[in-house]
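Asker: Chain by chain, the residues run as shown.
There are 2 protein chains.
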Amino acid sequence: MPTPPRHPDGAAPARASRRRFLAGAAGLAASAAGGGAAQADPNNLPPNVPAWTRALGDGAGVRPYGQPSKYEKHVIRRDVPWLTATRESSVSFTPLHELDGIITPNGLAFERHHGGIAEIDPADYRLMLHGMVDRPLIFTLADLKRFPRVNKIYFLECAANSGMEWRGAQLNGCQFTHGMVHCVQYTGVPLRTLLDEAGVKPGAKWILAEGADAAAMTRSLPLAKALDDCLVAYRMNGEMLRPEQGYPARLVVPGFEGNMWVKWLRRLKVGDAPWAAREETAKYTDLLADGRARRHTFVMDAKSVITSPSPQARVAQKGLLVISGLAWSGRGKVARVDVSLDGGRNWRAARIDAPVLDKACVRFYAETAWHGEELFLQSRAIDDSGYVQPTKDALRKIRGVNSIYHNNGIQTWRVAPDGEVENVEVS
Amino acid sequence: MPTPPRHPDGAAPARASRRRFLAGAAGLAASAAGGGAAQADPNNLPPNVPAWTRALGDGAGVRPYGQPSKYEKHVIRRDVPWLTATRESSVSFTPLHELDGIITPNGLAFERHHGGIAEIDPADYRLMLHGMVDRPLIFTLADLKRFPRVNKIYFLECAANSGMEWRGAQLNGCQFTHGMVHCVQYTGVPLRTLLDEAGVKPGAKWILAEGADAAAMTRSLPLAKALDDCLVAYRMNGEMLRPEQGYPARLVVPGFEGNMWVKWLRRLKVGDAPWAAREETAKYTDLLADGRARRHTFVMDAKSVITSPSPQARVAQKGLLVISGLAWSGRGKVARVDVSLDGGRNWRAARIDAPVLDKACVRFYAETAWHGEELFLQSRAIDDSGYVQPTKDALRKIRGVNSIYHNNGIQTWRVAPDGEVENVEVS
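Taken in order, these protein sequences are the chains called D and P. For the first sequence, counting from 1, position 98 maps to 96 in our numbering; every step adds exactly one. For the second sequence, counting from 1, position 259 maps to 257 in our numbering; every step adds exactly one.
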């Protein structure tokens, strides 16, 4: 045991916090001195004075809008060309394996579009609110900014996230299996405020939301949800929405599937029944084994994924291993996350990192030691409604394998003795 | 009053939520139809189908690392060339007036450097921990990533933020008067964990932190603070630190002045007394009127600023006006923010937007109606220690005007009848 540190006032800190994690000084020194990854002359590395301390750094003026380090060029959104990339319709995936915490940087937040990315001059932006209302209204962006606003951190997940996993483990990396999710802080007007401004007529039960993109993405939304927690948002992580996220304004529908968060929001129509638009009939319904289809499957059920280690983030070294991942639930807060090292036979509760927010991603960790044994890593989210993330097989038993939507099954990563990680299934 | 909206279950929502904010349908329709800002042919705007709905948007592949809209090019960090811009030493300011919520996007987070921006290959990164410890250690970046980690949202404020305001209102915009603050989510290892790994010797009371940049920024930090809540952080807002923020690792010293958050962190030395380094003697001490200097003024006291309206964000229109700003305290949580429209004669409590986190920025709002009258806008933060943000004059009475540091006085913006806003003082 190390000598207990002393506070300035002489009191020893609580003993429980004084465990040592790594193998000790020798192990660390060896790692530092003999690290195969080091590229500079060791004489130039600490404890010696490195080259970058001996010369003035880049000081050529302010960078008006900063960018990541040139050593982070691999941290990018990626697509799967054979899966979706056409000029009309595309999807990019968040590099979950390269991120930590709960906030997704705007430049790395996945995006899916069905008709290209609309480019809208904010001066020309209009939002029409009509239908079963007392006063049909058209809002400019400046109008929206004059209403009282709120800021909320929410996850957004595409209904098709993990869709390829219905038919077995296919894509080797959580960026591809689970990367259609992101979590940012939105700034916007509660939709309820706009509806109150227009005056909703008795008998109204649904709202149609329509995008201004070429696909005119159109979805029906229950009025109760609109009055509850939806926003018309124009900012993400403080700055204005990115073009691919619906600049200058989008719908935020907390906990509901991503395509209902209509981007480039152009029109809201209040009615008494759903509209049966293309994207809620031919698409975004879940075809079951018997040929019937589930529809209006709005809520994204509790789900989690281990982001590191994962196929794109192998285990580099024996010894202490931090297992880390994300969990979320469209029903509310994540109450617990369990982690298994042996494919679901034994579970332990993961450490959940604060803050735990309603309908937002939470970050979880499980620290362990790895000595080269084969692992089958799994995580399982439980939300505050009591819902437990199911196995893929349990989901298939009920829903079949026809659908590409709403797969929130437990994911398995196999860690091989050499530290490589692959997407597998266990039963 | 509008007709009360009905929930699908027939129950009317709470009456209190049904107030209308804007002038009504007529006013809005006029604003939409006659808005001088509109640039497109009105026939192309909603309710008609706009051009961007009739043509396919930009779909030429995925953007690996996304950027803001071309219409947001004015949202940038700025410098004040006559103030600081040399090749050796520079500072850029966060565009607070263009942001909302509490998260600062990484590309817009202010930065100050004293010897240029060091460029460090993460494979060559080393952190040395030595001095009064049982086991001197050198950590690689991979070593740091193997320790249990946490994620925390904290504000970082430069000690010299608002420094020019000691001698009166000078810079016309909150970007320049208050823009040396940002707030992001950090991922890192508790410094306590590293100290426990090394084993702190009895009698130790201070830590020296040294940067690997050409300035070798060096500060003394009380051991009690190091053991409390400091982090060695390598990520901000999920992705790796930006180069100008200390890539690949920096110190996080919650609530303490920014230059103690040593960037490009190279060395930590444990000792029994402060080191009296240049940046805590010749600089970053507060020269008083009588020639004595306050030193070790670590904690950033409670402070707030109205970010909109402000000199760079004028009032565009009469009617509903959202007053918005940021507040923070190095002592803990912000408990309350008051807003005055008349230069501090009358105060009302602002609405504080959740979440309220320890040593993080909070966003506050005060909604009002403006009819062209002259306003003297002020905000005043109160933290959970009971500390009340003082007036500038109260500060000057105690501290004189020799210092450029630790000015947390109440800021005043004058709103003129034409909506222009300027930095003024009232007494």
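Heads up, a few of these hints could be off.
[As the list claims (entries may be wrong)] In silico lysine-lysine, DSS-like type, Cα no more than 30 Å apart, as pairs: (1) LYS267(D) <-> LYS316(D); (2) LYS71(P) <-> LYS71(D); (3) LYS331(D) <-> LYS316(D); (4) LYS316(D) <-> LYS223(D); (5) LYS331(P) <-> LYS316(D); (6) LYS71(D) <-> LYS223(D); (7) LYS68(D) <-> LYS203(P); (8) LYS395(D) <-> LYS331(D); (9) LYS267(D) <-> LYS281(D); (10) LYS68(P) <-> LYS68(D); (11) LYS316(D) <-> LYS281(D); (12) LYS395(P) <-> LYS316(P); (13) LYS281(P) <-> LYS316(P); (14) LYS68(P) <-> LYS71(D); (15) LYS267(D) <-> LYS316(P); (16) LYS331(D) <-> LYS331(P).
Simulated from the structure, these hints should not be mistaken for laboratory data. Please read all numbers here as calculations on a predicted model, not as lab measurements.
Asker: Now tell me if each hint is right for this structure.
Answerer: Hint-by-hint comparison with the structure:
Pair hint LYS267(D) plus LYS316(D) does not hold up; C-alpha atoms about 58 Å apart against a cutoff of 30 Å. Taking the CA atoms of LYS71(P) and LYS71(D), the gap is about 23 Å. The hint holds against a cut of 30 Å. The straight-line distance between the Cα atoms of LYS331(D) and LYS316(D) is roughly 34 Å, outside the 30 Å bound, and the hint therefore fails. A threshold of 30 Å between alpha carbons decides the hint, and for LYS316(D) with LYS223(D) the separation of about 49 Å lies outside it, so the pair is violated.
Distance check on the hinted pair: LYS331(P) and LYS316(D) sit about 41 Å apart at the alpha-carbon level, beyond 30 Å; violated. Taking the CA atoms of LYS71(D) and LYS223(D), the gap is about 40 Å. The hint is violated against a cut of 30 Å. Between LYS68(D) and LYS203(P) the CA atoms are separated by roughly 38 Å; this puts the pair beyond 30 Å, and the hint is violated. Restraint check for LYS395(D) and LYS331(D): the C-alpha separation of about 27 Å stays at or below 30 Å, so the hint holds.
Of the supplied pair hints, the one linking LYS267(D) and LYS281(D) holds, its CA atoms being roughly 21 Å apart against a limit of 30 Å. Of the pairs offered as hints, the one joining LYS68(P) and LYS68(D) holds, with about 23 Å between alpha carbons and a cut-off of 30 Å not exceeded. The straight-line distance between the Cα atoms of LYS316(D) and LYS281(D) is roughly 46 Å, outside the 30 Å bound, and the hint therefore fails. At most 30 Å may separate the alpha-carbon atoms for a hinted pair to count; LYS395(P) and LYS316(P) exceed this at roughly 38 Å.
Straight-line distance between C-alpha atoms of LYS281(P) and LYS316(P) comes to about 46 Å, which puts the hinted pair past the 30 Å bound. For a cut-off of 30 Å, the pair hint linking LYS68(P) to LYS71(D) stands: about 23 Å separates their Cα positions. With a C-alpha separation of about 29 Å, the suggested pair LYS267(D) and LYS316(P) falls inside the 30 Å cut-off, and the hint holds. For the given pair, LYS331(D) sits about 23 Å from LYS331(P) by alpha-carbon distance, which is consistent with the 30 Å threshold.
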